[in-house]
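**Q** Letter by letter, the chains look like this.
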Amino acid sequence: MTKLTGAQILWECLVREGVTTVFGYPGGAILPAYDAMLGYPIRHILTRHEQGATHMADGYARATGKVGVAIATSGPGATNMVTGLATAMMDSSPIVCITGQVGSRLIGSDAFQETDITGVTLPVTKHNYLVRRASDVAAAVREAFYLARTGRPGPVLIDITKDAQQSSTIFDWEAAAPRPHGRPGPPPQDAMFREALALINASERPVILAGHGLILGNAMGEFRAFAERTQCPVAMTLLGIGAFPASHALNLGMMGMHGEAWVNSAIQQADLLIALGMRFDDRVTGALASYAPAAKKIHVDIDPAEINKNVPVDVGIVGDVREVLARLLPAVAPGQRHEWLATIEQTKGGSAVRDITNLPDNGHLYAAHVIKDLWHATKGKAVVVTDVGQHQMWEAQYYPHDVPRSLITSGGLGTMGFALPAAIGAKVARPNAEVWVVVGDGGFQMTMPELATIAQEGLAINIAVINNGYLGMVRQWQEFFYERRYAATPLLSPDFVKIADAYGIRGLSIRRREDVVPAVREARASGQTMLLDFQVEQEDTVYPMVPAGAALDAMIRRPTPLAETGADA
Amino acid sequence: MQTTFVVHVEDQPGVLTRVTSLIRRRGFNIESLTVGHTEHAGVSRMTIVMDSDAGAVPRIEANLYKLVNVIRVEHITAQPSVYRDLAMIKVAADQASRAAIMQLIDVFRARVVDVSPDSLIVEITGTEDKIDGLVEMLRPYGVLEMARTGRVAMSRGIGAVTPALVAPERRNVAHQADAMLDAGVSFSV
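Protein chains in written order, with this note's numbering: chain A, 1 to 569; chain B, 1001 to 1189.
Just chain A, same shape as in the assembly (with noise of 0.2 Å):
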C-alpha cells in the first residue's frame, strides 16, 4: 500500500473527486497542503481576501452544479470563509472548503492564528470535521464532497491540523468510502402521490411555485413537460430563475416581495399551489397569516424539514424533485385551464401601462432600461451574476433568463459582495460562457479587490456597475418606511474607471441610455473584462413591493404614468 502525506491523500482524493480548480490563499497552517498540490494537476486561483475564495466556489458550482472548491488557512483566512459559507448554506449551494488548522498538540492553547473554525461554522455548514490524523484526511474529503452534492446540496468545511498534513499514513482509497446516513428508509408516501394528484386533477386555478431544487435537482425536462401537460402557470422564486423557460406562454415570472403584481394576485387567488424545490421563505410569502388563502398546498422537497416549517400544506411528499415529477407525469390527467390562464392574462395589462421599460427615454438613465438594454444586446444568453439590492431586483425583472445556472445571485442570505468573486468563479467553470456581473456602487466596493484576481488569471468578465450613489435597496426602505430619512445610505464611490485602469481593466462611464448598447457592445467584442460605470438615476425605486410582514397582493404599485415621480424632478 502507498504511503503518502496527510497533504498528498487531500489532493489525490480531490483530484480523485474530479476537482480541477480550487479558489484559495495560503498561511502558515496550511503551507503543507500547498506544497503539496504542485505535485497534483490543479489550477490554483490566487485570491484576494477568503470570502472572495469561498464566493468563487460558490459561483463555480452554481455555474456547473460541480462540487466548487475553497482553501484558506487557519485563523483569520478561516474566519474569512463564514459569509461565503453561510451564503452557499442558506442557497444550497455545494462548496467544500479547506483550512489549515495549528498542530493538534496546540489546539485549545490560543496558538498563533488558531480559531475553533468547526465551532465558529457549525451553524451555517451542512457538516464540518477537524482533522487531526493524516490516517483521517481521506474519510473526511471522500464524505465531505458526498455530503456537498447529495441529498439537499450544502457547504461542507474540512479543517486540518498542520501536523495531519505533514504525517504520513497509508493512502487507502476504497477503505475512505462515504458511509450512507440520514433516515432510514424513506417514509410511505403513495398515499400522499394519490392525495397530490387528485388535488391537482380537481383544481381550476393552480400555480407551480417553481424554486432552486428543481436547477439543483436538474429536473428542468420533468418540470416543463408537467407544466405543459397540466398548463399550470409557473411563478418562479429568485433562486428558480432558469428553472423554466422565461419566454414560455405559462411562464409568469418571479413571485414575492418585488414580483409582479399579476404573479402574486395569482397565487393569492388560486385553487391550489404546487410547490417545487422551493421553502416558502418569507420574501415570497408576505405574510403568512394570509398567504393564498384558498389554496390547498403540495410541497415537493428533497429535505424533510421545510415541510410544515412556514406554510402548512395539505400534501407534503419529500424526494428528489425529479424522480416526483416523473412519478406525477404519467399519472396526471392533461389540464385545460384557458380560463384561468385568461384570467391572470388580462391583471397582465393594467401593470405593462406601468413598466419602466415601456415609457419613453426622458434624458434619465434608468437602471431597469440599462439591464433591458444589456439583455437586448447579449441575446439574453449571458451568464449574469448579481450582487444584493435593487440592480439584483431589476435583474430579476427585466432580464428573462430561458435556461437554467445563467443566473446567479445570493438569495437566502442575500450577500453583498458577492457578485464579482461569483462570477469570476463562473467563468472559471465555465470559461466559453458570456460572463456578466450586474452590481451595485455599494456592494462592489466590498469585494473590489477581487478585479486583481481577473487581471492576474486573464479572465474575460464584463462588469457592470449600477451606480447610483446610494446603498439603494436600504434608501428605498428609507424612503418607504423611514419618511425618507436618508441614514447612513449616501455613498461616495471612487471613479471605477480610473480603479479599473490601474488593474489594467479598460473601463467606461455610461450617463445617457443612447450609449448603453454600444458600450454592452463593445464590452462584448473586447474579448477582455471591461467595466461599464452605468450612472443611473439616483432616487430610483423598485417596483411593485410588498412591504415586510403585508399580505402578498397588498403591492407598493408603479406610480402611473413614472414620468409624475421625484425621478424627474
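Quick caveat, the hints were computed from the structure, so don't treat them as lab data.
Predicted, not measured: the structure shown is a model, and the values here were computed from it.
It cannot be assumed that every hint is accurate.
[Unchecked claim] List time: in silico DSS-like cross-link candidates among lysine-lysine, alpha-carbon distance up to 27 Å:
#, chain 1, residue 1, chain 2, residue 2
1, B, LYS1130, A, LYS66
2, B, LYS1066, A, LYS309
3, A, LYS348, A, LYS66
4, A, LYS348, A, LYS379
[As the list claims (entries may be wrong)] One-sided and incomplete, this derived list gives chain B residues near chain A with beta-carbon spacing under 8 Å:
#, residue
5, THR1017
6, ARG1018
7, SER1021
8, ARG1025
9, GLY1027
10, VAL1068
11, ARG1148
[Stated by the list, open to error] Not close to chain B: a few residues of chain A, all C-beta gaps over 10 Å, as computed:
#, residue
12, GLY28
13, LEU147
14, ASN201
15, GLY221
16, HIS248
17, GLN268
18, ASP303
19, LYS309
20, GLY504
21, ALA525
Note that the Cβ used here is the ideal one computed from N, Cα and C, for glycine as well.
Given the coordinates of chain A, work out where chain B should sit on it, guided by the hints.
**A** This is chain B only, laid out in the frame that chain A set:
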C-alpha cells in the same frame, strides 16, 4: 407540550454540541438532556425532553436526521415507555429530625447513601413526579443541595427495539494500519 426523543448518535467529539446547537438555532427549547453509552460500542444515546407543540415534532425529527452523526431518532412521547430520573438530595438532618426523614425516605423507596452529623445524602430513582414529591416533603427539613440527572427513557416491549445500530468502524482501518506502521510492520508499497 413535553415531548421526549431518544436519539442515537455516533460517540464522537462535538456531537453533543451539534445536537444542542441545532435545537437552539431552530428555536426549540430543551427541558432536559441526558447522554450516555449504549449496548453498541461507538454509539451514544441521548434522551431529550423538549417543550414543543405537536406540529413541530416531525420537523425536530427531520432536523436531527440532517446531522451526519445522528444515527436514529425515536419520538417516544406517545409510546408506552419507562421514564426515570435520578436525584441526589442533601438534606439537613440532626439527631432530632433524622428518624422522621428516614421514615419519609422509606416511604419513597429512596435510600441514604451518606450520613454526617448535620446532613444526609438521599438517592432516589423514579419518575420526575415521584422525585418532586420527595423533594417537597424534604423541603421543610432544609434541602441543602440537589443534583438530578434529567430524564432517561426507554420504550416498553420488544416492538420498539432498535435494529442493530451500525457504529462507524470504518475509520479504524486506517488507524490500525497506522499502529502497524508504528510497530514496524512493513507494507509493500
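**Q** Say whether it holds or is violated: A:GLN268 keeps its Cβ farther than 10 Å from all Cβ of chain B.
**A** 24 Å, holds
**Q** Against the 27 Å threshold, does the CA-CA distance of B:LYS1130 and A:LYS66 hold or violate the hint?
**A** With Cα atoms ~57 Å apart, B:LYS1130 and A:LYS66 exceed 27 Å; violated.
**Q** Given the hinted pair A:LYS348 and A:LYS379, is their alpha-carbon gap at most 27 Å?
**A** Distance of about 24 Å is within 27 Å: holds.
**Q** Between A:LYS348 and A:LYS66, is the straight-line Cα distance small enough, at 27 Å or below?
**A** 38 Å, violated
**Q** Closer than 8 Å between Cβ atoms is the bar; does B:ARG1018 clear it against chain A? Give me holds or violated.
**A** 6 Å, holds
**Q** So, B:ARG1025 near chain A? Judge it on the closest CB pair being under 8 Å.
**A** Holds - the Cβ of B:ARG1025 comes within 8 Å of chain A, reaching about 5 Å at its closest.
**Q** Given B:THR1017 as an interface hint, is its Cβ closer than 8 Å to any Cβ of chain A?
**A** Where the cut-off is 8 Å and the nearest Cβ of chain A is about 7 Å from B:THR1017, the hint holds.
**Q** According to the definition I'm using, a residue is off the interface if its beta carbon is farther than 10 Å from all beta carbons of the partner; does A:LYS309 meet that for chain B?
**A** For A:LYS309, whose nearest Cβ neighbour in chain B is about 6 Å away, the distance does not exceed 10 Å, so it is violated.
**Q** Quick one, is the B:ARG1148 hint okay against chain A at 8 Å, beta carbons?
**A** 28 Å, violated
**Q** Since A:LEU147 was said not to touch the interface, does its Cβ keep a gap of more than 10 Å from each Cβ of chain B?
**A** Since the minimum Cβ distance to chain B is about 7 Å, A:LEU147 lies within 10 Å and the statement is violated.
**Q** Tell me if the interface restraint on B:VAL1068 is satisfied: Cβ within less than 8 Å of some Cβ in chain A.
**A** 5 Å, holds
**Q** Against chain B, does A:HIS248 keep a CB gap of more than 10 Å to every residue?
**A** 34 Å, holds
This entry does not satisfy hints 1, 3, 9, 11, 13, 18, 19, going by the numbered hints stated previously.
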